[in-house]
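Peer 1: Sequence:
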Amino acid sequence: MKLPQIIIITFVVLNVCAIGSVSYFLINDFQNTLTTSVLEDTEDELELKSQTLENYLVSNSDKIKLYTIFPEIQGLIKFSEFGDSFIFDKGEWLELIKIQFQEIVKTNNDIDQIRVLDKNGMEIIRINSDANNLHVVSESDLQDKSDRYYFKDVITTSKNYVYLSDIDLNVEHGEIQSPHKTMLRFITSIVDGSGNQMGIMVVNHNMDSLFSSITDISKGSMMIVDYNGQVIYSKDSSNLFGNQLQTGYTFFEEDDSILELIDTESTLYDEENELYKFWKKVSSPSDPEKYWLIIAEIPQSEILLPIQNTISNSYYFVTVFVVGTLGITIFVSNRITRPLGNLIERIKLVQVGNYDIQIAIKGSDEIKEIGESFNDLTSTLQVLKQMSEKFSDDLEIQLNELEFISNSLKKSTCLMKIDLDANITYVNDRLCELSEYDKDELLGQNEKILMPEMYSQELIKDMWDTILDGRIWTGDTKNKRRDGTTYWTKKIVIPKKDAKDNVVEFLVIQTDITYEKEHQILTENTLQQESQKRSLENELTKMTYQDLVNPISAISGNCEILKNISIAENFTDEQKKIIDTLDDGAKKLDQQIYQMLNIYKINSHEIIFTKSTFTLYLLIQKIVLDYTSKAKEKRTMLVNDIDPLLKINSDESYLTQVIEHLIQNALEFVPEDGGVIRINAKIQDEKIVFHVQDNGAGFSLIEQKNLLKKFYKVDTSDNRVHKQYEKRLILCKGIIEELGGKMWVQSYPGFGSSFYFELPFE
148 MKLPQIIIIT
158 FVVLNVCAIG
168 SVSYFLINDF
178 QNTLTTSVLE
188 DTEDELELKS
198 QTLENYLVSN
208 SDKIKLYTIF
218 PEIQGLIKFS
228 EFGDSFIFDK
238 GEWLELIKIQ
248 FQEIVKTNND
258 IDQIRVLDKN
268 GMEIIRINSD
278 ANNLHVVSES
288 DLQDKSDRYY
298 FKDVITTSKN
308 YVYLSDIDLN
318 VEHGEIQSPH
328 KTMLRFITSI
338 VDGSGNQMGI
348 MVVNHNMDSL
358 FSSITDISKG
368 SMMIVDYNGQ
378 VIYSKDSSNL
388 FGNQLQTGYT
398 FFEEDDSILE
408 LIDTESTLYD
418 EENELYKFWK
428 KVSSPSDPEK
438 YWLIIAEIPQ
448 SEILLPIQNT
458 ISNSYYFVTV
468 FVVGTLGITI
478 FVSNRITRPL
488 GNLIERIKLV
498 QVGNYDIQIA
508 IKGSDEIKEI
518 GESFNDLTST
528 LQVLKQMSEK
538 FSDDLEIQLN
548 ELEFISNSLK
558 KSTCLMKIDL
568 DANITYVNDR
578 LCELSEYDKD
588 ELLGQNEKIL
598 MPEMYSQELI
608 KDMWDTILDG
618 RIWTGDTKNK
628 RRDGTTYWTK
638 KIVIPKKDAK
648 DNVVEFLVIQ
658 TDITYEKEHQ
668 ILTENTLQQE
678 SQKRSLENEL
688 TKMTYQDLVN
698 PISAISGNCE
708 ILKNISIAEN
718 FTDEQKKIID
728 TLDDGAKKLD
738 QQIYQMLNIY
748 KINSHEIIFT
758 KSTFTLYLLI
768 QKIVLDYTSK
778 AKEKRTMLVN
788 DIDPLLKINS
798 DESYLTQVIE
808 HLIQNALEFV
818 PEDGGVIRIN
828 AKIQDEKIVF
838 HVQDNGAGFS
848 LIEQKNLLKK
858 FYKVDTSDNR
868 VHKQYEKRLI
878 LCKGIIEELG
888 GKMWVQSYPG
898 FGSSFYFELP
908 FE
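Okay, so the sequence shown: first residue is 148 according to my numbering, each after it adds one.
FYI, nobody ran anything at the bench for these hints, they're computed from the structure. Among the hints, erroneous ones may be present.
Stated by the list, open to error - Here are the simulated PhoX-like cross-link-like pairs (lysine-lysine), alpha carbons at most 25 Å apart as the crow flies: (1) K292 with K382; (2) K299 with K266; (3) K781 with K874; (4) K225 with K299; (5) K874 with K852; (6) K637 with K564; (7) K829 with K781; (8) K382 with K437; (9) K424 with K382; (10) K437 with K292; (11) K299 with K210; (12) K210 with K266; (13) K777 with K852; (14) K586 with K647; (15) K758 with K852; (16) K212 with K237; (17) K608 with K638; (18) K637 with K647; (19) K834 with K794; (20) K564 with K644; (21) K366 with K427; (22) K299 with K253; (23) K266 with K225; (24) K829 with K225; (25) K299 with K212; (26) K781 with K758; (27) K779 with K834; (28) K437 with K299; (29) K870 with K829; (30) K210 with K225.
Said to hold, decoys possible - Pair by pair, the computed Cβ-Cβ distance ranges are: (31) Q290 with S184: 25 to 35 Å; (32) N672 with E588: 55 to 65 Å; (33) E605 with S759: 43 to 53 Å; (34) Y308 with F908: 35 to 45 Å; (35) Q592 with E550: 24 to 34 Å.
Small disclaimer: the values here were computed from a predicted structure and weren't measured. All C-beta atoms in this analysis are idealised placements derived from N, C-alpha and C, irrespective of residue type, glycine included.
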């Protein structure tokens, strides 16, 4: 701002102040304008609040329709209709529904209760919400709601109808809940995909938070009244819910002026009480006869309060005017002279090299512009000075770093240059040290001096084809020392080109890898020998199995003949017992030999799987039936907890073997009476996790560490006794790992065991 403008503005301000002293006489016009403005603002605010309530009713009506088609809700009602005729875990379904609504309640925290009723009005589920925490009511606390008005009204309506209840105080067990909760219920039918009615859903919404925000108004007070004249929300709690709280208060009986104008007007001035009344009608989306009124009341004195404050302040205006005129004059003078003096002093400091100078920018536009230019100049000079110092420091650091890298390469890496004819033009000390040649002996010689006589011609051809094409070649090469011994290096050949992109020479970088290469060759030879040894071992195992299985089969067959022929009647009990013992021993020996053969197959990865898609529940149920008689002998219960619809793709035969072995082990450890063996499977992270649980003796932590180890690989001494359940577990673990899964155990002594294994879910 320029100086003439400052003077003009000074006089303008003085004139405005003088005119302002006369504005008192225009108070009446100001009063009318202010009143009109407040009335319009209040009507706009009331329109916005009514739209908020209307949107809330429509939105939640649409949401409850969406809730009814959730698969968890549909499935729970479907399964509940079957009763005991269909096995399903209701607790699991309830947990799924709880998880679904847990997410909904996070963004709809006014939801207080969710209920699902069947077609007869009986509660199937009731979920209470408390501070975003959901609680599923127990089965015993579910109630019959067939006599409730909302059930009778909704059960006969169309499938898209959403019934809205009256807004009232929540009642629990026949009494009004304390502290009070203002409640609105959304009720609608639940239908299946064919449009058949399955039940109804009731969602209770706590309206206190919404009504609190709606009735928050900048001026006056606000309340909400329903179509019966019941005050359902107000800052004055003494008139709330006259019928329900038995106070007898009804808004329309106390003030019927609004009721007569409800559909024709929206504003009324009450001359007796000197206040303005505003209202907005919000109808129920499902029943136009049902509505709520949002009513605002603003006293006229509150509207005129700013005018009264203005009148009071005007008495001090004249005094302020006189003092202000004097102050402005002094202020303008200082703003012109002081900044110029400060600027001159700072310029002198910059001339002697002090760039850390900034001046406070005050004064007219011209002075501010000069000050800003000066500050920009000093800042630029300071930055240039810092950049120069930093560049010098960085350059020194980079030079030191390059020197360090160069020295490190010379000491640890072999460097050599060769020309297009492979003649050596440069070598470093490290190459001379490794090859045991002097520099003079290598320079000018062909690179072949470092190559052994039996060097691969294919490798040489590949290298030269690559580098002559301008590309980098990398490979492992065998080299010859001066004394004829050899060493291995990792070799990198980098072509160097001239300005015309022609290759002129090559830089050869070599790193000594003799130790790694010799170790690699030794490892490969060892692995080859181990593979041959394992192959011979597996062949011997198969031959031994064939040699043993025939005599054992003959023993078992002859025992069966001795049991069945007529001469068996002449055997004594002791002789019969010996025959049975011999037969049982032969069968056990045959089974153990078969198990050991399977273990060797697993160890040598010779198992061939035949995969197919099948229903897991049916497979487990067949196994349970096969072991029912053995379970009854120990009075043990076998439980199949698997989803009847779950299908997997795997080898049915080997999976059956794993489950049977785990059940056999569990039967050994469960108590003689009251044992429980439970089989379950669930899909987790694209894998299917099986769980076989028993309430047997359990295993200690030390036993668990060794339980799934391959004992035949660890201990083959004569003193080692391999228990039958250990062999079964090793077979199970081997089969699972061959199928691409893993197996683990959790157990506590005296509290049973849980064996888990997971397989890829296909």
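Peer 1: With reference to the structure, classify each hint as holding or not holding.
Peer 2: Structure-based check of all given hints:
no., hint, verdict
1, K292 with K382, "violated, 34 Å"
2, K299 with K266, "holds, 11 Å"
3, K781 with K874, "holds, 23 Å"
4, K225 with K299, "holds, 22 Å"
5, K874 with K852, "holds, 15 Å"
6, K637 with K564, "holds, 16 Å"
7, K829 with K781, "violated, 28 Å"
8, K382 with K437, "holds, 23 Å"
9, K424 with K382, "holds, 16 Å"
10, K437 with K292, "holds, 23 Å"
11, K299 with K210, "holds, 22 Å"
12, K210 with K266, "holds, 21 Å"
13, K777 with K852, "violated, 30 Å"
14, K586 with K647, "violated, 32 Å"
15, K758 with K852, "violated, 32 Å"
16, K212 with K237, "holds, 23 Å"
17, K608 with K638, "holds, 15 Å"
18, K637 with K647, "violated, 30 Å"
19, K834 with K794, "holds, 13 Å"
20, K564 with K644, "holds, 13 Å"
21, K366 with K427, "holds, 17 Å"
22, K299 with K253, "violated, 31 Å"
23, K266 with K225, "holds, 12 Å"
24, K829 with K225, "holds, 22 Å"
25, K299 with K212, "holds, 18 Å"
26, K781 with K758, "violated, 35 Å"
27, K779 with K834, "violated, 33 Å"
28, K437 with K299, "holds, 18 Å"
29, K870 with K829, "violated, 31 Å"
30, K210 with K225, "holds, 22 Å"
31, Q290 with S184: 25 to 35 Å, "violated, 55 Å"
32, N672 with E588: 55 to 65 Å, "violated, 36 Å"
33, E605 with S759: 43 to 53 Å, "holds, 49 Å"
34, Y308 with F908: 35 to 45 Å, "holds, 42 Å"
35, Q592 with E550: 24 to 34 Å, "holds, 30 Å"
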